[in-house]
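Novice: Here the protein sequences come in this chain order: W and P. Following this note's numbering, the numbering of the first sequence begins with 1 at its first residue and continues without gaps. Following this note's numbering, the numbering of the second sequence begins with 1001 at its first residue and continues without gaps.
Check the hints yourself; a few may be wrong.
[To be verified] Within a straight-line C-alpha distance of at most 27 Å, the following computed DSS-like cross-link-like pairs (lysine-lysine) qualify:
#1 K2/W / K231/W
#2 K1158/P / K1002/P
#3 K1162/P / K91/W
#4 K1158/P / K91/W
#5 K1230/P / K52/W
#6 K1140/P / K1028/P
#7 K145/W / K1230/P
#8 K1234/P / K207/W
#9 K52/W / K1238/P
#10 K1140/P / K257/W
#11 K1002/P / K257/W
#12 K1251/P / K145/W
#13 K1059/P / K207/W
#14 K77/W / K1054/P
#15 K1234/P / K257/W
#16 K207/W / K1056/P
#17 K1053/P / K207/W
#18 K231/W / K1242/P
#19 K1158/P / K145/W
#20 K2/W / K285/W
#21 K1155/P / K93/W
#22 K251/W / K1053/P
#23 K236/W / K1002/P
#24 K93/W / K55/W
#25 K207/W / K1255/P
#26 K29/W / K251/W
#27 K1140/P / K266/W
#28 K1002/P / K1216/P
#29 K207/W / K1140/P
#30 K1251/P / K266/W
#31 K1229/P / K52/W
#32 K257/W / K1158/P
#33 K236/W / K1261/P
#34 K1234/P / K52/W
#35 K1054/P / K145/W
#36 K1251/P / K257/W
#37 K1002/P / K1053/P
#38 K231/W / K1264/P
#39 K145/W / K1216/P
None of these hints come from the bench; they were simulated from the model.
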Amino acid sequence: MKSITILSGKGGVGKSSIAASMAVLLSRKKNIVAVDCDVDASNLALVFGIGKFEKESFISTNYKAFLDREKCNSCRKCLDVCTFSAIEWDKGKNIPVINGFLCEGCGSCRLVCPQNAIELRRVKNAVIGRADTGYGFPLVSGQLKMGASGSGKVVSEVKIEAEKMGGDVMVIDAAAGIGCPVIASVLGSDYVIAVTEPSPAALSDMKRALEVVNHFGIPHGIVINKFDLNKPFSGKIIEFAMENNIPVLGKIPYSRKFVEAMVSMKPVVIYDRGFEKIFYEIAKKIEYVWV
Amino acid sequence: MKKIAVTGGKGGTGKSTVATALSIELSKKGRVLLLDLDVDCPNDHLILSVDLKKVKDVKIMMPKFDTNKCIKCGRCREVCMENAIVQVKGKYPIVVAEQCTGCRACKIACPADAIKEDEHVIGHIFRGKGIIEMISGRLKPGIEESSLVVNAVRKYIKPIEKDYDYIIIDTAAGTHCPVIAALLDADIGIAVTEPTPLGRHDVDLILELMERLGIKSYVLLNRSDISGKKDIEKTAKKHNTKILAEIPYSKEIMKRYSEGKPIKHESIKKIAGLL
């Protein structure tokens, strides 16, 4: 199964809208699975107008440390060893307090504890949902539980689930940023579409995201969304692409229809067929990846 | 000193735009420090044209194997929860730098004292002063643990916090570890969102997170006129908060944003006045 990942660095530049429309168009030629790997703010289901998942399953990719107060001898070794600042000292009770929001489940505190007072327990940290998009292909979506950690590992699980659905191509909507969930989305991808818009912030963020993509040596191209909002700046993006031998796959003009489509919870190519051409051209330019 | 976090869940709703504009507004009332804790993609210095200088490397511990002492027992690989240690049977272990979080579990577990502490740079702290004084964290591309850079900035500013009246914290998009770490010390959190199903979905998550962290939260509705705001009002109410101010869609604001300049709007004045 091939996989095409859509990322951007900066949030809100149109990743999910573009991922949904690409999936719709590619599904006319191939068997597609749309995959939402923005697991801490998953939105792709909403773009397809999916209100409820048909099937949901809890997964557990992480551990957290738990303290047995009876066994603790207040030696403070755990406090000193925690890299994630997740252990604080309760002066009144003279015991450590583990902050579940910050604990990454590395287990150092458990290993250093002379009393065996700390254990690591598996925690259910995410839900994977599956649904029919209504456009002839399924969606697999991950949602991290509030305050849970391990988004990268959850992304890997979501991709494994998507693989199980079978099909020719996975279209992956990645998270904003360049950290663990994005790295997990990019790993193993056959192609990356980097979405940007003509603003200094969006260009700077896309460059950082592409550093990650280059780090893993994955072929990639650029889509400039809302390119006509600042044409001189779009020119700078194109210059950057040329200097670095990155193909510009498409330029999408600013249109309120993108927002209207989002509000009516439809992919923009369905909401207004006038957009089909732009997305077909993008698909055509990366045909070698998905055919 | 008050710490005000600007967050939102969904990306691109205007967090940095609001954080920078609010910093400028508050600087009329007191001493302001702006922290850009979107360490994956820091942008505030671009909007404010602040020239930043690197003031610190963010380093984590990385294991270094002493092959004279290593007995190839595999204990280090077993305890590493990040699967950052690879060991082929009968060979010495190898560490995968990108995956290592520097937790020291391997070092603690090693029965042969064969693991020494090496360092690994995972990001940097930048500082600069233009119209606003700011400190910005930056994750090295390819490194996974953004929250470690956020925590390093939090630690870095501890001794200077008291020199300011307002510390504005700009967080990353999403609700995961680096956002949680950035929100931790905030007194007030402003969730910037937009009236779309995606905006509503994500603001619901971030308001819930702030509730759990015990942070007083408010909603700032950006592009408030692109669609009805009833759902956002309902979501805010569900989390015992309200829409504090609204910024309607405006070509002028879009233009300033696109040029990388801070915006001015009465809603920002309103928020600054309330703080």
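Novice: It remains to establish, for every hint, whether it holds in the given structure.
Specialist: Results of checking the hints against the structure:
With a C-alpha separation of about 34 Å, the suggested pair K2/W and K231/W falls outside the 27 Å cut-off, and the hint is violated. With a C-alpha separation of about 13 Å, the suggested pair K1158/P and K1002/P falls inside the 27 Å cut-off, and the hint holds. For the hint linking K1162/P to K91/W, the alpha-carbon distance of about 24 Å falls within 27 Å, and the restraint holds. Using a Cα cut-off of 27 Å, the hinted pair K1158/P and K91/W holds, with the two alpha carbons roughly 21 Å apart.
For a cut-off of 27 Å, the pair hint linking K1230/P to K52/W stands: about 21 Å separates their Cα positions. Simply put, K1140/P and K1028/P have alpha-carbon atoms about 35 Å apart, too far for the 27 Å limit, and the pair is violated. For the proposed pair K145/W and K1230/P, the alpha carbon gap of about 26 Å is at most 27 Å, so the pair holds. The straight-line distance between the Cα atoms of K1234/P and K207/W is roughly 38 Å, outside the 27 Å bound, and the hint therefore fails.
For the given pair, K52/W sits about 20 Å from K1238/P by alpha-carbon distance, which is consistent with the 27 Å threshold. Restraint check for K1140/P and K257/W: the C-alpha separation of about 37 Å exceeds 27 Å, so the hint is violated. Among the hinted pairs, K1002/P with K257/W is inconsistent with the structure: their alpha-carbon atoms are about 41 Å apart, more than 27 Å. Taken as a hint, the K1251/P and K145/W pair is broken in the structure, with Cα atoms around 37 Å apart against an allowance of 27 Å.
Between the alpha carbons of K1059/P and K207/W the distance comes to roughly 23 Å, so the proposed pair stays at or under 27 Å and holds. With a C-alpha separation of about 33 Å, the suggested pair K77/W and K1054/P falls outside the 27 Å cut-off, and the hint is violated. In summary, the hint linking K1234/P to K257/W is supported, as the alpha carbons are separated by about 25 Å, within the 27 Å threshold. For the hint linking K207/W to K1056/P, the alpha-carbon distance of about 22 Å falls within 27 Å, and the restraint holds.
Using a Cα cut-off of 27 Å, the hinted pair K1053/P and K207/W holds, with the two alpha carbons roughly 20 Å apart. Our distance criterion of 27 Å between C-alpha atoms is broken by K231/W and K1242/P, whose separation comes to about 38 Å. Distance restraint check for K1158/P and K145/W: the Cα-Cα separation of roughly 30 Å exceeds the 27 Å cut-off, and the hinted pair is therefore not satisfied. Between K2/W and K285/W the CA atoms are separated by roughly 16 Å; this keeps the pair inside 27 Å, and the hint holds.
This hinted pair checks out: K1155/P and K93/W have alpha carbons roughly 26 Å apart, not beyond 27 Å. With a C-alpha separation of about 35 Å, the suggested pair K251/W and K1053/P falls outside the 27 Å cut-off, and the hint is violated. A distance of roughly 40 Å separates the Cα atoms of K236/W and K1002/P; the hinted pair therefore is violated under the 27 Å criterion. Annotation: proposed proximity of K93/W to K55/W is violated, straight-line Cα distance about 45 Å (limit 27 Å).
Restraint check for K207/W and K1255/P: satisfied, since their Cα atoms lie roughly 22 Å apart, inside the 27 Å limit. Annotation: proposed proximity of K29/W to K251/W holds, straight-line Cα distance about 23 Å (limit 27 Å). Between K1140/P and K266/W the CA atoms are separated by roughly 37 Å; this puts the pair beyond 27 Å, and the hint is violated. In summary, the hint linking K1002/P to K1216/P is supported, as the alpha carbons are separated by about 12 Å, within the 27 Å threshold.
Among the hinted pairs, K207/W with K1140/P is consistent with the structure: their alpha-carbon atoms are about 12 Å apart, no more than 27 Å. Proximity of K1251/P to K266/W is assessed by CA-CA distance (about 25 Å); at most 27 Å being required, the pair is judged to hold. Restraint check for K1229/P and K52/W: satisfied, since their Cα atoms lie roughly 22 Å apart, inside the 27 Å limit. The suggested pairing of K257/W with K1158/P is violated, with an alpha-carbon distance near 47 Å, which exceeds 27 Å.
With a C-alpha separation of about 17 Å, the suggested pair K236/W and K1261/P falls inside the 27 Å cut-off, and the hint holds. Using a Cα cut-off of 27 Å, the hinted pair K1234/P and K52/W holds, with the two alpha carbons roughly 20 Å apart. The suggested pairing of K1054/P with K145/W is violated, with an alpha-carbon distance near 35 Å, which exceeds 27 Å. Between the alpha carbons of K1251/P and K257/W the distance comes to roughly 16 Å, so the proposed pair stays at or under 27 Å and holds.
The straight-line distance between the Cα atoms of K1002/P and K1053/P is roughly 25 Å, inside the 27 Å bound, and the hint therefore holds. This hinted pair checks out: K231/W and K1264/P have alpha carbons roughly 23 Å apart, not beyond 27 Å. For the hint pairing K145/W with K1216/P, the CA-to-CA distance comes to about 21 Å; that is within 27 Å, so the pair holds.
The structure is inconsistent with the numbered hints 1, 6, 8, 10, 11, 12, 14, 18, 19, 22, 23, 24, 27, 32, 35, although it conforms to all the rest.
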